[in-house]
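Chains as they are written, first to last, in this note's numbering: chain W, 552 to 700; chain A, 316 to 592.
It should be emphasised that the hints constitute simulated quantities derived from the structure, not laboratory data. Hints may contain errors.
Stretch by stretch, here's where chain A covers chain W in the computed footprint (C-beta under 8 Å, at least three residues) [what the hints assert, rightly or not]:
#1 580-593
#2 618-626
Partner residues aside, some chain W positions facing chain A, computed with beta carbon under 7 Å [to be verified]:
#3 Gly608
#4 Met609
#5 Phe612
#6 Ser615
In this text, all values refer to a predicted model and were calculated from it rather than measured experimentally. Just so you know, even glycine gets a beta-carbon here, dropped at the ideal spot from N, CA and C.
Chain residues, written in single-letter form:
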Amino acid sequence: MSAVLLQTTIFQHLPWIPDVLLILCVYLGIYHRSVGGAAGAFFLGYGLDSCSGVPVGMNAFAMSLVFAGVAAVSHRLWLNNPVSIISMVFLAVILKTGAFLVLGEFGELADLFQPMVARYVMWDATVAIVLTPLVFALLYRGEPFNYRV
Amino acid sequence: MQRLLHRYRVILSCGFFLLISLLLAAVNTHAPYHIDPVGVLLLEVLHPFQMGATALSRRTGQFWDHYVALWSIQEQNEELRRRLESLEGVAQQARELDLTNQRLERLLVLQENIGGTAVAARVIGRSTVAWVQTLILDKGERHGIAKGMAVLTPEGVVGRVMAASPHTARVLLISDPNSGIDGLIQRTRVRGIAAGTIDGGCVLKYLQRGDEVQVGDQVVTSGLDGAFPKGQPIGTVARVGTKGSGMFQDVEVMLSAELSKVEEVLVVTLSVAHARE
Chain W
552 MSAVLLQTTI FQHLPWIPDV LLILCVYLGI YHRSVGGAAG AFFLGYGLDS
602 CSGVPVGMNA FAMSLVFAGV AAVSHRLWLN NPVSIISMVF LAVILKTGAF
652 LVLGEFGELA DLFQPMVARY VMWDATVAIV LTPLVFALLY RGEPFNYRV
Chain A
316 MQRLLHRYRV ILSCGFFLLI SLLLAAVNTH APYHIDPVGV LLLEVLHPFQ
366 MGATALSRRT GQFWDHYVAL WSIQEQNEEL RRRLESLEGV AQQARELDLT
416 NQRLERLLVL QENIGGTAVA ARVIGRSTVA WVQTLILDKG ERHGIAKGMA
466 VLTPEGVVGR VMAASPHTAR VLLISDPNSG IDGLIQRTRV RGIAAGTIDG
516 GCVLKYLQRG DEVQVGDQVV TSGLDGAFPK GQPIGTVARV GTKGSGMFQD
566 VEVMLSAELS KVEEVLVVTL SVAHARE
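This is chain A alone, in the form it adopts within the complex (with noise of 0.2 Å):
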């Protein structure tokens, strides 16, 4: 008995594992209590061993995460760098294609709305001379430009060209000392001559004591020039006074126009009065 025992020890063991394993299997599978006599003490082992090992998996896993990882992120990340400088340039000049778009959807309103003809033009250069308020434009005699003619912009006047030359025009602002422009007040229709001051303002000469005129009134083109064409803004009336005896009202325009920041203009090449005649 002992020798067949023996001899056939490694077939009965197996047989005997197996028995049990199925033993276990079909109670803890069926049963509604637990046999596990040896599993809680093999995981209290375990326990310490599997603290360790996922500490130490952890760790280098952040690693590899922080450091190794990191060296192709950061390729990735000059690429996108320099993608995102590309595309914040591209989108600078989206806007400013955006805006200039906005002006000229502007002045071509106000070209339908003059009633003429009229070209428009770039600033292209502005006068060094502080006391000398002018502009250069991108377009001249070529284009229809021609001295005397008036400059707006949607906002209000600008001034009226002072030369030209075949591809270029030099236009003399309103708020230059030399410059002068029939308008009136709107409200009481009073007229008076807009001109610049020295210190780049504007005034309505030719104002009598008399004639009404308050502070916020607007002040536009009276058109009786040839060149501007009738009811263009010129600007508000800012202040009114009067100098000691003198037979004139001293009026401050604040002009509609932004004068230090105008881009496009349109230039009235044939105005509604002469094109009647």
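Bound conformation, chain W alone (with noise of 0.2 Å):
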């Protein structure tokens, strides 16, 4: 609810939006492996739905999809460096654009889609990709296991 609130209010003041959503989503894919985290994505995607202006369900899926396709790579390789952490941030944020771009199609919203997603990849991507080791060593702070950046 934290991120919601922090991407909704204090970042709508920054030039470029960091997706820090994104981020807690692979966070979840990688280290919260779970129903819960399941959960935790779609309501993540849920309650940016609720405070945007697109349909509500786009976001839910297109975390949901982040999250199934980060679990199922965290489920065959081992992510424990920020190179490959910031690649798998790579990798959603390729998920999110692509979950974008079909269902603006078959929604018939691609005029509303295309821009939005061109200058979401181009850098609000770039800056929640930059961001990356910083939020994964804030979120890793009382975890079980240390994360060095």
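Grab the two chains, each in its own frame, and use the hints to assemble them into the complex.
Right, here's the structure in full:
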């Protein structure tokens, strides 16, 4: 809920809004690969849908897809260094972008989504990738195992 | 069955949430009604936190605008103030030059109109004694100025050169009691002598009682003294009176040229009369 709050209030004043929710979703997919993690990813997206102007379900679908993708990769690969984490965030950006483009085509919202997605991929996702080590470091405070950025 | 469900719980839950979100997206995109079971509740829960976060970010922004950002603006402000002062000085100089240019243009026109030769000069000094009305010019004998020459402005007669050195000249103003310039009433052609008074004014002397003169008449140079070109304005008759049983009228003249504000003058070095000779 804090992430949704930050995303919809304070971060709006920044020139590029980092997608902290996406980083959180990747975090859940890597370190909380469970029903609770899946539910958390779903509700992260749902919360963003409720506070933004897109049809409800869009972000929920995208976040659920990101969680599923990251969970599947982390089930097979050992992800414990910054490069791999950043790569996962990059994969998450691709999955989220693809989800929006596909849903936009089916929902006949391509004209609305394509410029939005272009801007998202260019700036917001870049800022999110850059901030990934910092966000992961903050999330790991109090976790049972250590993470060194 | 239970073991299967437990083993694949993550995959199944992912699938479930994907299906639910896809269903919600499909319905909310195409259907005329809007399905958002939790959204309203979420918005209500977030509302106070969003209000607080927005107020905090607004206060931070104001602090930045009013204090931190002003640090750099102060230097810019000082720089702009210095530039403004400099530009105001330049503008003032430009205005001064423009006014000087206008005066010199009028002098040039006068020079062309009087027919003789003339030298333009600047006033660089005035008499320090109240009862002596003189000016000092920045040109003298080296520029062709000699004693007795007429000094004019576009507005009217100023006086006569009373002394000249190689580089300066002293001018006796028409308002000095010792001056005397041959003039006449433009309307009636009655002649008299324009002379100064002790209080810095001017009178037209030697107008007989029978001579026709009235307030408002223009007084001009007669041109008969050989120095002043004919028809140059001296002033306007301000008062006409008589003193007891005297022969002459008492005619006060308001001078055309503002002698206290003269900055540039024209010295007639060779009048038309002398040019003909």
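Tested hints:
By the rule of at least three residues with a Cβ nearer than 8 Å to a Cβ of chain A, the coverage given for the segment 580-593 of chain W holds, with 8 such residues. As drawn, the segment 618-626 of chain W meets chain A at 3 residues by the rule of a beta-carbon pair under 8 Å; at three or more, the given contact holds. At its closest, the beta carbon of Gly608(W) sits 3 Å from a beta carbon of chain A; the interface hint therefore holds under the 7 Å criterion. Look at Met609(W): its Cβ gets to within about 5 Å of chain A, closer than 7 Å, so that hint holds up.
At a threshold of 7 Å, the smallest CB-CB gap from Phe612(W) to chain A is about 4 Å, leaving the interface hint in force. Because the closest C-beta pair between Ser615(W) and chain A is about 4 Å apart, less than 7 Å, the hint holds.
Of the numbered hints listed earlier, not one is contradicted by the structure.
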